[in-house]
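K.L.:
Residue numbers (the numbering used here): 1 to 336.
Take these hints with a grain of salt, some might be off.
Stated by the list, open to error - Below, computed lysine-lysine pairings styled on DSS-like, alpha-carbon distance capped at 27 Å:
hint	residue 1	residue 2
1	Lys-12	Lys-2
2	Lys-298	Lys-265
3	Lys-149	Lys-42
4	Lys-149	Lys-130
5	Lys-274	Lys-285
6	Lys-263	Lys-274
7	Lys-2	Lys-263
8	Lys-212	Lys-271
9	Lys-179	Lys-42
10	Lys-12	Lys-42
11	Lys-285	Lys-271
12	Lys-274	Lys-149
13	Lys-149	Lys-179
14	Lys-298	Lys-179
15	Lys-285	Lys-265
16	Lys-179	Lys-274
17	Lys-212	Lys-179
18	Lys-179	Lys-130
19	Lys-263	Lys-285
20	Lys-263	Lys-179
21	Lys-12	Lys-130
22	Lys-298	Lys-285
Stated by the list, open to error - Computed beta-carbon distance windows for the label pairs:
hint	residue 1	residue 2	range
23	Arg-314	Ser-224	19 to 29 Å
24	Gly-81	Asp-150	31 to 41 Å
25	Lys-274	Pro-207	12 to 22 Å
26	His-236	Ala-43	49 to 59 Å
27	Arg-247	Met-126	27 to 37 Å
28	Glu-70	Arg-314	16 to 26 Å
29	Ala-199	Ser-224	40 to 50 Å
30	Ser-224	Arg-276	43 to 53 Å
31	Thr-317	Glu-70	37 to 47 Å
Read the hints as simulated data drawn from the structure, not as lab findings.
Predicted model only: the values in this text are computed from it and were never measured.
Note that CB positions come from ideal geometry on N, CA and C, so glycine has one too.
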Amino acid sequence: MKVWGHIVDCLKSSGACALVSVARAEGSTPREIGARMVVDGKACFHGTIGGGTLELEAIRLAARAAEAAEPSFFLRSVSLGPDLGQCCGGRVELAIEVLTLEKLDEACRLRELETSDTSFATVTEMQGSKIGQRQDFQNLPSQRFSIRKDDETGASLVIEQFGADHRPLYLFGAGHVGKALILALAPLPFAVTWVDGRASQFPGAVPGNVTKICVEDPTSVLASAPEDAFVLAMTHSHALDEEIMARALLAQRFAYCGVIGSKTKRNRFQKRLKSRGLSDSLISKMTCPIGVSQIRSKQPAAIAAGIAVDLLQRDETNHQQTAAGEGLAQIVPHGQ
Numbered sequence: 001m002k003v004w005g006h007i008v009d010c011l012k013s014s015g016a017c018a019l020v021s022v023a024r025a026e027g028s029t030p031r032e033i034g035a036r037m038v039v040d041g042k043a044c045f046h047g048t049i050g051g052g053t054l055e056l057e058a059i060r061l062a063a064r065a066a067e068a069a070e071p072s073f074f075l076r077s078v079s080l081g082p083d084l085g086q087c088c089g090g091r092v093e094l095a096i097e098v099l100t101l102e103k104l105d106e107a108c109r110l111r112e113l114e115t116s117d118t119s120f121a122t123v124t125e126m127q128g129s130k131i132g133q134r135q136d137f138q139n140l141p142s143q144r145f146s147i148r149k150d151d152e153t154g155a156s157l158v159i160e161q162f163g164a165d166h167r168p169l170y171l172f173g174a175g176h177v178g179k180a181l182i183l184a185l186a187p188l189p190f191a192v193t194w195v196d197g198r199a200s201q202f203p204g205a206v207p208g209n210v211t212k213i214c215v216e217d218p219t220s221v222l223a224s225a226p227e228d229a230f231v232l233a234m235t236h237s238h239a240l241d242e243e244i245m246a247r248a249l250l251a252q253r254f255a256y257c258g259v260i261g262s263k264t265k266r267n268r269f270q271k272r273l274k275s276r277g278l279s280d281s282l283i284s285k286m287t288c289p290i291g292v293s294q295i296r297s298k299q300p301a302a303i304a305a306g307i308a309v310d311l312l313q314r315d316e317t318n319h320q321q322t323a324a325g326e327g328l329a330q331i332v333p334h335g336q
């Protein structure tokens, strides 16, 4: 959800709104830290923190705060079982910030950052029951919301991550499974570059997270792919799939290299890639077959569903490993 776009709209239409964020989540909870909603004084809302009684109560609380139209920031801790009668058993801390028209310029600036489809982070100091102006945070934090103490001043800092956090995925092949996979990935956190040498294979319209590229040599697109990208080959040609895998593996900078096919195809590719000079350690990084093995159906949509599940699991694991070594980044005041 583009949080700041909704905030700008609410501020312009009603003069105030509340930003609800999951600040902490312990045990079994409906949503993760950083899940958000924007709520106005009439209880109209955008986004979700997981539905159910927790969300209903959060909307009521945020709407009352927004209706008062006084800038504020407060935390509300909720035990889902004892407090709400939910069966989850976890505990959630919600951060609720009321924004008024004085924050419109700031909201417009952050809305522009959101339109770039890249993640960004902000930091602001808690000032009693309010928070100050959001400043740019140099690096992406390990979580989308946190409150930390400044080692030098002792002040409490609210650090937030906004915007898209999409994994670059280079999908080669616009056949039946490729088309089905594009639809399966549409609501998921992937920025898909869809590559094929046959323009007629592409549908006219594609989801918003997809960029179509038609080139005579599809493998040439790998040169501009970022190092953390996922590379997935499912073209009409085994020879082309092999060439894509060879170049992707030799680049040694991609987080995942997969090719659609059977165990037999994998064995043949291993022999052919080895004859091309690729080492066993490089070849071992090729995934084939791809997807979830428990799904036996050969229907394109079913195959695509299994692949999407596998890619999502790999993406989450990769993010967790990356976040494990992160420290506190520097604060960069806006304009510097």
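K.L.:
Determine for every hint whether it applies to the structure shown.
P.N.:
Tested hints:
1. Lys-12 with Lys-2: holds, 16 Å
2. Lys-298 with Lys-265: Holds, at about 16 Å.
3. Lys-149 with Lys-42: This hinted pair is violated, its Cα atoms lying about 35 Å apart.
4. Lys-149 with Lys-130: Holds: Lys-149 and Lys-130 sit about 16 Å apart, inside 27 Å.
5. Lys-274 with Lys-285: Given pair Lys-274, Lys-285 holds - Cα atoms ~13 Å apart, limit 27 Å.
6. Lys-263 with Lys-274: The hint holds at about 16 Å.
7. Lys-2 with Lys-263: violated, 42 Å
8. Lys-212 with Lys-271: Violated, because 32 Å separates the two Cα atoms, which is more than 27 Å.
9. Lys-179 with Lys-42: Answer violated: Lys-179 to Lys-42 is near 41 Å, above 27 Å.
10. Lys-12 with Lys-42: holds, 15 Å
11. Lys-285 with Lys-271: Answer holds: Lys-285 to Lys-271 is near 14 Å, not above 27 Å.
12. Lys-274 with Lys-149: Violated, at about 53 Å.
13. Lys-149 with Lys-179: violated, 48 Å
14. Lys-298 with Lys-179: Given pair Lys-298, Lys-179 holds - Cα atoms ~15 Å apart, limit 27 Å.
15. Lys-285 with Lys-265: Holds: Lys-285 and Lys-265 sit about 15 Å apart, inside 27 Å.
16. Lys-179 with Lys-274: Given that 27 Å is the threshold and the Cα spacing comes to 31 Å, the pair is violated.
17. Lys-212 with Lys-179: Given that 27 Å is the threshold and the Cα spacing comes to 12 Å, the pair holds.
18. Lys-179 with Lys-130: violated, 48 Å
19. Lys-263 with Lys-285: This hinted pair holds, its Cα atoms lying about 15 Å apart.
20. Lys-263 with Lys-179: The hint holds at about 23 Å.
21. Lys-12 with Lys-130: Given that 27 Å is the threshold and the Cα spacing comes to 21 Å, the pair holds.
22. Lys-298 with Lys-285: Satisfied, since the Cα-Cα distance of roughly 25 Å is no more than 27 Å.
23. Arg-314 with Ser-224: 19 to 29 Å: holds, 22 Å
24. Gly-81 with Asp-150: 31 to 41 Å: Given a distance of about 35 Å, which is inside 31 to 41 Å, the answer is holds.
25. Lys-274 with Pro-207: 12 to 22 Å: Given a distance of about 38 Å, which is not inside 12 to 22 Å, the answer is violated.
26. His-236 with Ala-43: 49 to 59 Å: holds, 52 Å
27. Arg-247 with Met-126: 27 to 37 Å: Violated, since Arg-247 and Met-126 (Cβ atoms, about 50 Å apart) do not stay within the stated range.
28. Glu-70 with Arg-314: 16 to 26 Å: violated, 46 Å
29. Ala-199 with Ser-224: 40 to 50 Å: violated, 20 Å
30. Ser-224 with Arg-276: 43 to 53 Å: Given a distance of about 23 Å, which is not inside 43 to 53 Å, the answer is violated.
31. Thr-317 with Glu-70: 37 to 47 Å: Distance hint for Thr-317, Glu-70 holds at roughly 43 Å.
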